[in-house]
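Chemist: The listed protein sequences derive, respectively, from chains A and B.
Whatever position you read off the first sequence (first residue = 1), add 5 for this note's numbering.
Whatever position you read off the second sequence (first residue = 1), add 1497 for this note's numbering.
If you are wondering where the hints come from, they were derived from the structure by calculation, not from laboratory data.
For glycine and all other residues, C-beta sits at the position ideal for the given N, C-alpha and C.
Don't take each hint at face value.
Claimed, not checked - Distance windows between CB atoms, simulated:
no.: 1; chain 1: B; residue 1: Ser-1574; chain 2: A; residue 2: Ile-49; range: 39 to 49 Å
no.: 2; chain 1: A; residue 1: Ser-87; chain 2: B; residue 2: Thr-1500; range: 16 to 26 Å
no.: 3; chain 1: B; residue 1: Ser-1526; chain 2: A; residue 2: Pro-117; range: 17 to 27 Å
Stated by the list, open to error - Capping the alpha-carbon separation at 30 Å, the derived lysine-lysine pairs in DSBU-like fashion look like this:
no.: 4; chain 1: A; residue 1: Lys-43; chain 2: A; residue 2: Lys-61
no.: 5; chain 1: B; residue 1: Lys-1576; chain 2: A; residue 2: Lys-109
no.: 6; chain 1: B; residue 1: Lys-1577; chain 2: A; residue 2: Lys-109
To be verified - If you want a taste of the chain A side facing chain B, the calculated C-beta under 8 Å gives, among others:
no.: 7; residue: Gly-36
no.: 8; residue: Gly-45
no.: 9; residue: Gly-47
no.: 10; residue: Leu-48
no.: 11; residue: Asp-97
no.: 12; residue: Gly-108
no.: 13; residue: Lys-109
no.: 14; residue: Gly-110
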Amino acid sequence: SQELEQSPQSLIVQEGKNLTINCTSSKTLYGLYWYKQKYGEGLIFLMMLQKGGEEKSHEKITAKLDEKKQQSSLHITASQPSHAGIYLCGADTGGSNYKLTFGKGTLLTVNP
Amino acid sequence: SQTIHQWPATLVQPVGSPLSLECTVEGTSNPNLYWYRQAAGRGLQLLFYSVGIGQISSEVPQNLSASRPQDRQFILSSKKLLLSDSGFYLCAWTGTGPVYTFGSGTRLTVV
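Chain A extracted, bound-state conformation:
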């Protein structure tokens, strides 16, 4: 089965600082998904990456998928308290049922 390793497990940054969260797979990724979760709430979709070398941005968040499609990074520029939460990467295991395997998440705290 596919396993995703996320690092770091938790991160505390000062408001305005940049940060990066990584997601690594032992297998080639058919699709890589980034979600954000506030504690006790559902997951909010951020971005999906499917092609090697692909990069997508939304507001101050940029996600990249490496050429080998085994590692992805999520970069936040000039962090704000609203960025705080748990960031999870999910990987498509292939096939038509869209079963996603998720990493354990990265807890981000942004101090004002």
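With chain A's structure known, arrange chain B on it following the hints.
Modeler: What follows is chain B alone, placed relative to chain A:
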């Protein structure tokens, strides 16, 4: 527009009691439906998924079962809860594309 409803939001149940969590989707037809559990420090674990009415695939052997009596209804059940069933349960759906839309979750505490 499509929406997903999940209830209840929180639930405290004694060990050995039954469980029924419900999830419904609006604004779409024939969605793929999923139940995930999120336990502390263990990330999201896929429990069940369904590609159609009455079609349930189980990912992890456990004390839980799932049913899909209607196209847009997905139910997670247990006959007798265990302490280890505690966690945050999330329902999700996909349509023609792979992007998951999640419900707001149910926090289950078994005491």
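Chemist: With reference to the structure, classify each hint as holding or not holding.
Modeler: Tested hints:
no. : hint                                  : in the structure
1   : B:Ser-1574 with A:Ile-49: 39 to 49 Å  : violated (27 Å)
2   : A:Ser-87 with B:Thr-1500: 16 to 26 Å  : holds (23 Å)
3   : B:Ser-1526 with A:Pro-117: 17 to 27 Å : violated (45 Å)
4   : A:Lys-43 with A:Lys-61                : holds (22 Å)
5   : B:Lys-1576 with A:Lys-109             : holds (29 Å)
6   : B:Lys-1577 with A:Lys-109             : holds (28 Å)
7   : Gly-36                                : holds (6 Å)
8   : Gly-45                                : holds (6 Å)
9   : Gly-47                                : holds (4 Å)
10  : Leu-48                                : holds (4 Å)
11  : Asp-97                                : holds (6 Å)
12  : Gly-108                               : holds (6 Å)
13  : Lys-109                               : holds (4 Å)
14  : Gly-110                               : holds (6 Å)
Against the hints set out earlier in the document, violations occur for numbers 1 and 3.
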